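J.: Numbering that gives the first Met the number 0 applies: residue 0 is where the sequence shown begins, and numbers increase by one.
Source of the hints: derived by calculation from the structure; they are not laboratory data. Any given hint could be a false lead.
Claimed, not checked - Here are the simulated distance ranges between beta carbons: (1) Met120 / Ile84: 35 to 41 Å; (2) Val123 / Met25: 29 to 35 Å; (3) Glu46 / Leu149: 19 to 25 Å.
No experiment lies behind these values; they were computed from the predicted model shown. The beta carbon of each residue, even a glycine, is placed where N, CA and C say it ideally should be.
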Amino acid sequence: MDFTLLVTGVSLNTLLGLVIILNPYMHTSTNCYVMSLVFSNVLILVEPLKQVLDWSFDINLNMNFDYMFLVSFSTSILTIILLKIEAYIVVCHKNSRLHKQLLNISTAVKCILYVWTICVMVTVMELHLYIHFEEEVMHHIYETSTIMFLVFPCFIFVMLDSFILYDLIILKLIDGTWPSKDTKHFIFLSEWEF
0 MDFTLLVTGV
10 SLNTLLGLVI
20 ILNPYMHTST
30 NCYVMSLVFS
40 NVLILVEPLK
50 QVLDWSFDIN
60 LNMNFDYMFL
70 VSFSTSILTI
80 ILLKIEAYIV
90 VCHKNSRLHK
100 QLLNISTAVK
110 CILYVWTICV
120 MVTVMELHLY
130 IHFEEEVMHH
140 IYETSTIMFL
150 VFPCFIFVML
160 DSFILYDLII
170 LKLIDGTWPS
180 KDTKHFIFLS
190 EWEF
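Go ahead and model the full structure; you've got the sequences and the hints to work with.
T.: Quick look at the structure:
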């Protein structure tokens with residue numbers, strides 16, 4: 000099972016990464032976020048690699064992968080939020096003067112580096128506190144992490160979806176039709192999210 004998961008995960012993530020890297024027309028800010036998710040997925044696949052090495056070659060890696068998993072989990076969630084912010088800008092602020100600047104590849108790379116840096120720093124602090132003050136602060140560490148990386152991002156996700164739906168519905172009421180076929184599909188998909 001671990002071998003199948005490892006081979007499938009590595010091959011699909013590698014294929015996706017190569018398609019994005021080798022096609023110049025796919026060098027967009029959205030695909031920068033997708034590449035961040037690919038890298039995060041590859042980090043998650045270290046655990047099945049450890050199991051496969053132990054089972055197949057009797058190589059035992061006595062390493063604690065908690066740090067990598069926490070960083071990967073946190074960055075994945077925040078990267079998905081960045082994708083949602085980008086969708087909000089594309090749908091709701093097409094004519095804004097910040098539209099082009101915010102959807103620039105360099106801005107996406109800076110955001111990704113910022114997210115990875117923040118997640119690494121927060122995870123280092125959490126694990127450092129956990130190691131040195133396990134009994135006293137464990138409950139607070141879990142609460143803080145849950146709020147920062149689950150509750151707050153979910154709130155932002157729902158809020159941005161609500162703004163997008165509101166703007167699209169207002170545009171439909173004003174014009175009488177959906178602004179484009181793509182936004183009609185977005186409305187259909189958003190109804191299925193809830």
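J.: Holds or violated: 35 to 41 Å for the Cβ distance of Met120 and Ile84?
T.: About 21 Å separates the Cβ atoms of Met120 and Ile84, which means 35 to 41 Å is violated.
J.: Do the beta carbons of Val123 and Met25 sit within 29 to 35 Å of each other?
T.: The hinted range 29 to 35 Å holds for Val123 and Met25, with Cβ atoms some 33 Å apart.
J.: Lying within 19 to 25 Å: is that true of the beta-carbon distance Glu46 to Leu149?
T.: Taking Cβ atoms as reference, Glu46 and Leu149 lie about 21 Å apart, which means the hint holds.
Checked against the numbered hints above, the structure violates only hint 1.
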